[in-house]
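**Student:** The whole structure should be built from the sequences, with the hints applied where relevant.
Each residue of the sequence shown is one higher than the last, beginning at 0 in numbering that gives the first Met the number 0.
Keep in mind that the hints are not guaranteed to be accurate.
With a straight-line Cα cutoff of 27 Å, these simulated DSS-like cross-link-like pairs (lysine-lysine) come out [unchecked claim]:
#1 LYS461 to LYS578
#2 LYS461 to LYS438
#3 LYS132 to LYS175
#4 LYS407 to LYS453
#5 LYS529 to LYS438
#6 LYS407 to LYS461
#7 LYS407 to LYS459
#8 LYS215 to LYS245
#9 LYS459 to LYS578
#10 LYS245 to LYS302
#11 LYS321 to LYS255
#12 LYS132 to LYS110
#13 LYS245 to LYS291
#14 LYS205 to LYS245
#15 LYS136 to LYS110
#16 LYS291 to LYS321
#17 LYS529 to LYS453
#18 LYS255 to LYS215
#19 LYS171 to LYS136
#20 LYS10 to LYS171
#21 LYS438 to LYS453
#22 LYS529 to LYS578
#23 LYS291 to LYS302
#24 LYS120 to LYS110
#25 LYS245 to LYS255
#26 LYS364 to LYS529
#27 LYS321 to LYS364
#28 LYS529 to LYS517
#29 LYS205 to LYS215
#30 LYS364 to LYS438
Since the hints were made in silico from the structure, they are not lab data.
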Amino acid sequence: MNRIWNSIVGKLWGTILLLVSFVLFIFTVFMLEFLENYHGARAEETLRQTALTIANIVDGNLTDNSPYEIIRSVLHEGTNALIVENPEGAVYAIQEGINQERIQQQILQNKAFENIYASSKPILQEMLLPSQKDENKMETYVVLAFPLKSDAALHGAVFIYQNPDAMHETSKETTKIVFISAFIAFVLTTFFAFFLSSRITYPLRKMREYAFEIAKGRFDSQVPTTQNDEIGQLAVAFNQMGRQLKHHLEVINQEKEQLSSILTSMTDAVITFNRDRTILVSNPPAERLLQKWFVAKGEQSTKPIPPEIYHMLDHVLDFEDKIEEEIELEGSYYSITISPLYSGELVRGAVAVIRDQTEQHRLEKLRSDFIANVSHELRTPIAMLQGYSEAILDGVVIDEDERNEMIKIIYDESQRMGRLVTDLLDLARMESGHMRLYKNLVPLVPVLERMTQKFAQVAKEKHVDLRFVSNIEEDVMVNIDEDRIEQVLTNLVDNALRHTPIEGAVTVSATYAKSYAKIEVRDTGIGIPKDDLPYVFERFYKADKARTRSKGGTGLGLAIARNIVEAHNGNIAVTSVEKEGTAFTFYLPL
Numbered sequence: 000m001n002r003i004w005n006s007i008v009g010k011l012w013g014t015i016l017l018l019v020s021f022v023l024f025i026f027t028v029f030m031l032e033f034l035e036n037y038h039g040a041r042a043e044e045t046l047r048q049t050a051l052t053i054a055n056i057v058d059g060n061l062t063d064n065s066p067y068e069i070i071r072s073v074l075h076e077g078t079n080a081l082i083v084e085n086p087e088g089a090v091y092a093i094q095e096g097i098n099q100e101r102i103q104q105q106i107l108q109n110k111a112f113e114n115i116y117a118s119s120k121p122i123l124q125e126m127l128l129p130s131q132k133d134e135n136k137m138e139t140y141v142v143l144a145f146p147l148k149s150d151a152a153l154h155g156a157v158f159i160y161q162n163p164d165a166m167h168e169t170s171k172e173t174t175k176i177v178f179i180s181a182f183i184a185f186v187l188t189t190f191f192a193f194f195l196s197s198r199i200t201y202p203l204r205k206m207r208e209y210a211f212e213i214a215k216g217r218f219d220s221q222v223p224t225t226q227n228d229e230i231g232q233l234a235v236a237f238n239q240m241g242r243q244l245k246h247h248l249e250v251i252n253q254e255k256e257q258l259s260s261i262l263t264s265m266t267d268a269v270i271t272f273n274r275d276r277t278i279l280v281s282n283p284p285a286e287r288l289l290q291k292w293f294v295a296k297g298e299q300s301t302k303p304i305p306p307e308i309y310h311m312l313d314h315v316l317d318f319e320d321k322i323e324e325e326i327e328l329e330g331s332y333y334s335i336t337i338s339p340l341y342s343g344e345l346v347r348g349a350v351a352v353i354r355d356q357t358e359q360h361r362l363e364k365l366r367s368d369f370i371a372n373v374s375h376e377l378r379t380p381i382a383m384l385q386g387y388s389e390a391i392l393d394g395v396v397i398d399e400d401e402r403n404e405m406i407k408i409i410y411d412e413s414q415r416m417g418r419l420v421t422d423l424l425d426l427a428r429m430e431s432g433h434m435r436l437y438k439n440l441v442p443l444v445p446v447l448e449r450m451t452q453k454f455a456q457v458a459k460e461k462h463v464d465l466r467f468v469s470n471i472e473e474d475v476m477v478n479i480d481e482d483r484i485e486q487v488l489t490n491l492v493d494n495a496l497r498h499t500p501i502e503g504a505v506t507v508s509a510t511y512a513k514s515y516a517k518i519e520v521r522d523t524g525i526g527i528p529k530d531d532l533p534y535v536f537e538r539f540y541k542a543d544k545a546r547t548r549s550k551g552g553t554g555l556g557l558a559i560a561r562n563i564v565e566a567h568n569g570n571i572a573v574t575s576v577e578k579e580g581t582a583f584t585f586y587l588p589l
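**Tutor:** This is the structure in structure tokens:
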């Protein structure tokens, strides 16, 4: 019910009903007042006409009984009359009834009628008289005193008194008819008002429904435009608004998706800040960067970004100026550009573009280190080649054995330079991703055993015990590039033999490690210092450069081995204890 009265139909319907009810109420009140006055005037007029008729009948014939019969026929029901000859004369009652004497006595004794015998005008008066139907009841009567004439002289009067029940009965019937008419008018108005309000508000209610549909994002809904009035024009405007809203939202969504795609595809971190320094928008690289900073700080700070960036942000927001800087944060290098964002003429925030330059710095350092290492590695053999060559050319060496020794040194150094250049080319090719593997299914154990046996003579000459052990069946096949794996194992075994003292041992083993084959090269040599272990797989890194150079190493073997193993979807690791030995382990998927 509340829903109806809260709707526009209920409000319009109620307004019409209240207005019509008020009009009907005023009309009924005035109509009843008018009818009451009308009936009173008609009753008075009837009494006057009746009194005039009776006066004409009885004028000069009061002693004759025949006029009374005529007078009785003239009187209406509920009306009675008294005829008085003069103030001191006889009184004649036209109709007898109970309480007649009391009625007659009260009428004649009423002071309002004292002048009726001396007046030429009738007198009308309401009086409380005994009832003609109930002996103990009093009723209000309308009494009309009309003077009688005889020879142009006033000598008597006619008193007509009427019970108002007849008049009241007529008024009741009239009032009943008025109320019934008002009720019928109210009922008809109710139905008509409801129909009219529903008809008028139907387009508005439809527009309300479609407005909710648009609010839910269903922009294809259309309001029917069957009318040509203002509501019809409103429906047309509503449909146009829906189409325009759909178009604008599609444009906004396209721009939003385009901006989101651009931000997502960017490799740089983009963070948008509000005026109060809170973060509004960030792309995936920025999310990863924020997470990295959060993990690094732990619970030491509640701010999501480092203080250095906050200082730059404060400068941009306070001075409305763009700022570009490169800063170092916890070992990482960042290039940061922060620009203000405007809303009209006011700065509403800032956008920061952060580029991680750590890898570029690392590559630049690697490049410089690479040049330095290559220069360092080539300087010695080139100097030796130049020095011994000049000695031979200048004829400083006369002894043939000494000359041959110098030539052998020149040959060895040129060989080492060739190995260095070859290793550099292989490593560059591997790190650039251009290394091509020629994989084949080969039996793992026989291949590893054959590669190990190649160093049996060298081990024998160095008085080192070289052994191969395996718990893998000989028919187990692996998909590898045999030449490349041989290069890895050759490098590891050669390093082990070169750094293992006399009476030492080098063991090559192959075991299962879940879905991998674990190949380990363990020696009992001098070991690697603990501080050097994290760097053994880097280019040109040598724990003892002088000893390695004397042994013919280039410092690139382990870096090449790591790239080959990782290209086979495996990994390589090292463990070592100084003066006890070293173990290189690499894994190949079975």
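**Student:** Are the Cα atoms of LYS291 and LYS321 separated by 27 Å or less?
**Tutor:** 26 Å, holds
**Student:** Does LYS529 pair with LYS453 here, judged by a C-alpha cut-off of 27 Å?
**Tutor:** 31 Å, violated
**Student:** Taken at face value, is the distance from the CA of LYS302 to the CA of LYS291 at most 27 Å?
**Tutor:** Roughly 13 Å between the alpha carbons, so the hint for LYS291 and LYS302 holds.
**Student:** Please verify whether LYS321 and LYS255 have alpha carbons no more than 27 Å apart.
**Tutor:** Status holds; Cα separation ~25 Å.
**Student:** For a C-alpha distance cap of 27 Å, please report whether LYS407 and LYS453 respect it.
**Tutor:** Holds. LYS407 to LYS453 sits at ~25 Å (cutoff 27 Å).
**Student:** Need the status of pair LYS205, LYS245: alpha-carbon distance at most 27 Å?
**Tutor:** It holds: about 19 Å lies between the C-alpha atoms, which stays within 27 Å.
**Student:** Taken at face value, is the distance from the CA of LYS215 to the CA of LYS255 at most 27 Å?
**Tutor:** Status holds; Cα separation ~20 Å.
**Student:** Are LYS459 and LYS578 close enough, with their CA atoms no more than 27 Å apart?
**Tutor:** 22 Å, holds
**Student:** If you draw a straight line from the CA of LYS529 to the CA of LYS438, is it 27 Å or shorter?
**Tutor:** Status violated; Cα separation ~36 Å.
**Student:** Are the Cα positions of LYS132 and LYS110 separated by 27 Å at most?
**Tutor:** 26 Å, holds
**Student:** Need the status of pair LYS215, LYS245: alpha-carbon distance at most 27 Å?
**Tutor:** 12 Å, holds
**Student:** Has the given pair, LYS364 with LYS438, been kept, meaning a C-alpha gap of at most 27 Å?
**Tutor:** Distance of about 35 Å is beyond 27 Å: violated.
When each numbered hint is compared with the structure, violations occur for hints 2, 5, 10, 13, 17, 20, 27, 30.
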